[in-house]
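Following the hints, position chain B against chain A.
There are 2 protein chains.
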Amino acid sequence: MIRTIAWQDNQVVMIDQRKLPWEEIYVVCSDYRQVIEAIKTMVIRGAPAIGLAAALGAALGAQGIPTKDPEEFRRRFQEICREIGTARPTAVNLAWALEGLLAKAEQAAGRGVGPIKNLLIREARRMLAEDVAVNRALGRAGQEVIRDGDTILTHCNAGALATGGYGTALGVIRAARSAGKKIRVFADETRPFLQGTRLTAWELTRDRIPVTLITDSMAGYFMKKGLIDKVIVGADRIAANGDTANKIGTYSVAVLAKTHGIPFYVAAPCSTIDPRLKTGEAIPIEERDETEVTHWAGQCIAPAGISVLNPAFDVTPASYITGIITERGVLKPPFTRSIREALKGKMKEGRGKKKTDHKGG
Amino acid sequence: MIRTIAWQDNQVVMIDQRKLPWEEIYVVCSDYRQVIEAIKTMVIRGAPAIGLAAALGAALGAQGIPTKDPEEFRRRFQEICREIGTARPTAVNLAWALEGLLAKAEQAAGRGVGPIKNLLIREARRMLAEDVAVNRALGRAGQEVIRDGDTILTHCNAGALATGGYGTALGVIRAARSAGKKIRVFADETRPFLQGTRLTAWELTRDRIPVTLITDSMAGYFMKKGLIDKVIVGADRIAANGDTANKIGTYSVAVLAKTHGIPFYVAAPCSTIDPRLKTGEAIPIEERDETEVTHWAGQCIAPAGISVLNPAFDVTPASYITGIITERGVLKPPFTRSIREALKGKMKEGRGKKKTDHKGG
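Protein chains in written order, with the numbering used here: chain A, 1 to 361; chain B, 1 to 361.
Only chain A is shown next, with the shape it has when bound in the complex:
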């Protein structure tokens, strides 16, 4: 299994996703500020993985607070969480994970600083283990919509590398494969950061799942040719009505899928749902540095002084989404209702624990 992130010897260790697929290098963070830097510079990316990095980073930060005073510890820990919380704005998992840890710390407030520090490590590691379990449950639920022989288009990387280690969109594909279905994947290269080329293609090749790499601009061509049966993508934040923020280009893929009558699925754990937002309009869209578009390996590929826009995400309206695959089943439209019910844990496979933590925070 791919080890995206881990807690090891009181440090946070993560595979450097900027270096894949050329080198498997691990970044070791002994200070929470290094974790923030890793999130900002995309050493680690993908909404669930960012959430886990935030949790492990906060636990790491807690260890370094030089006080025995519970009140000072509390204040300083809140500061650290706030600092980590600003690392990237779009993925809600970051806020969700930090709220979970803060709630744990509050609950244990009477136990003294030392025990709380240990508790925070245990809680962050539990989140990591739970993420993999949730992804596997999501995969099992989602693979029901996949037919033997399907060719599935995915955009960006919603795989093991975007999560604790199994994947959301790619988790569904892995589960379908485990269920004996023959699957072929088309991976959009996903400019500007090339998560498709570098990460999705790498993951699927490792797992011997047939994958064909295309540029983002080719998706419509292959849909028109009838080569794509379904689209499955991940999510960075899902509003209460099902509107979904995901990697820039996802919206274009959704429009193309609808035009060609191809089912379009979002795969994400319930922790990616932000019920505080009624619609996707309110989801903040991160603008990243223009050098991601203009530069390659340090060299500028565009004319000097060119104006560039680099939004990292877009929002796909719920009306373009066939179903939202979660660990609590495949949510169907109208999403306002199905999401509300899933968050209440009313669905068959309901696992309300995570959400309880969230509400507690």
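Be careful, since some hints might not be right.
What the hints assert, rightly or not - Below, a list of computed lysine-lysine pairs in the DSS-like style, where the Cα atoms sit at most 30 Å apart:
{"hint": "1", "chain 1": "B", "residue 1": "Lys-258", "chain 2": "B", "residue 2": "Lys-332"}
{"hint": "2", "chain 1": "B", "residue 1": "Lys-332", "chain 2": "A", "residue 2": "Lys-225"}
{"hint": "3", "chain 1": "B", "residue 1": "Lys-258", "chain 2": "A", "residue 2": "Lys-230"}
{"hint": "4", "chain 1": "A", "residue 1": "Lys-117", "chain 2": "A", "residue 2": "Lys-40"}
{"hint": "5", "chain 1": "A", "residue 1": "Lys-258", "chain 2": "B", "residue 2": "Lys-230"}
{"hint": "6", "chain 1": "B", "residue 1": "Lys-258", "chain 2": "A", "residue 2": "Lys-332"}
{"hint": "7", "chain 1": "A", "residue 1": "Lys-332", "chain 2": "B", "residue 2": "Lys-225"}
{"hint": "8", "chain 1": "B", "residue 1": "Lys-182", "chain 2": "B", "residue 2": "Lys-332"}
{"hint": "9", "chain 1": "A", "residue 1": "Lys-224", "chain 2": "B", "residue 2": "Lys-278"}
{"hint": "10", "chain 1": "A", "residue 1": "Lys-230", "chain 2": "B", "residue 2": "Lys-225"}
{"hint": "11", "chain 1": "B", "residue 1": "Lys-225", "chain 2": "A", "residue 2": "Lys-224"}
{"hint": "12", "chain 1": "A", "residue 1": "Lys-225", "chain 2": "B", "residue 2": "Lys-224"}
{"hint": "13", "chain 1": "B", "residue 1": "Lys-230", "chain 2": "B", "residue 2": "Lys-332"}
{"hint": "14", "chain 1": "B", "residue 1": "Lys-182", "chain 2": "B", "residue 2": "Lys-225"}
{"hint": "15", "chain 1": "B", "residue 1": "Lys-224", "chain 2": "A", "residue 2": "Lys-332"}
Calculated directly from the structure, the hints in this document are not laboratory data.
Since the structure is predicted, the reported quantities are computational estimates derived from the model, not experimental observations.
Same frame as chain A, but now just chain B:
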């Protein structure tokens, strides 16, 4: 003015578009096989420019035929034209230009080899000059559809570099600007070859036309935000019904434009229309080397052994096209009729000369 290609000292000289925007290097071809190689490796690209390279290349090839025998010259010149004609399959301008030269040679068959060689140079140079004139006429006709203050999205490069030196899609933008309209351009970077980043951005920056560079995957996002007023693209081949082959990704942009109610224009000289093809289904789509997708500056950016598809063009059905901007006016649906009339030279600005040559071939 940008000098894309020229006849100079009995050689064909072209700017190396693979090196832009970093270096302005000119490739000098003294043998027609070098011209073929330049077309294949995209030293020169863009349908009209490829047509001109083919014409100048054929004229160059003719000079080197070592015979005084008219019949042998004829046979060998036909061979050279066939050879050049296979350099790239999608753009019809290549075939059109060669047919024009072959027709000239046939007409002059009685005049002896020496005069025919000179005639072919004159004819190829006339085509080059005419291309610029045609582009300017096309620009004047097309700028009528542009409003002061418009933001125009373009894909790939249909500029001076894609033609004899003024441009089709960018020719319309230049003409609108000359007419005193304030224009802003969004340029898709256009993977895998990055014609948008390297060529369109370079051209427009040189002309001080405001241009914003985005990745191909961002077009839908900015359309949804209401930032794009019109789309104008070039064409590599237009069927009798208006179906248009153009750079891969154009079809996706057309679908997105339709979804957002944004007018979508194709700008191309009448020589890009192939009336022999009823629909776009029959347009051959070139598959290019997968290293264009997987490699960057010689380095592989994808996992080893990855499967890749790299179609260089796609076909946008006529139903997605608001108008086809030609030197004979802006053709409107139903295109089967408006194209037929334009080719008959029945429209106001009719300039039937080119087409006559074509029919003669």
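Against the structure, the hints:
1. B/Lys-258 - B/Lys-332: holds, 16 Å
2. B/Lys-332 - A/Lys-225: holds, 27 Å
3. B/Lys-258 - A/Lys-230: holds, 22 Å
4. A/Lys-117 - A/Lys-40: holds, 25 Å
5. A/Lys-258 - B/Lys-230: Holds: A/Lys-258 and B/Lys-230 sit about 22 Å apart, inside 30 Å.
6. B/Lys-258 - A/Lys-332: holds, 27 Å
7. A/Lys-332 - B/Lys-225: Holds, because 27 Å separates the two Cα atoms, which is no more than 30 Å.
8. B/Lys-182 - B/Lys-332: holds, 25 Å
9. A/Lys-224 - B/Lys-278: This hinted pair holds, its Cα atoms lying about 19 Å apart.
10. A/Lys-230 - B/Lys-225: holds, 27 Å
11. B/Lys-225 - A/Lys-224: With a Cα-Cα distance of about 26 Å, the restraint between B/Lys-225 and A/Lys-224 holds, given a limit of 30 Å.
12. A/Lys-225 - B/Lys-224: holds, 26 Å
13. B/Lys-230 - B/Lys-332: Answer holds: B/Lys-230 to B/Lys-332 is near 16 Å, not above 30 Å.
14. B/Lys-182 - B/Lys-225: Since the Cα atoms of B/Lys-182 and B/Lys-225 sit roughly 20 Å apart, the hinted pair holds (cutoff 30 Å).
15. B/Lys-224 - A/Lys-332: Distance of about 24 Å is within 30 Å: holds.
Checked against the numbered hints given earlier, this structure breaks none of them.
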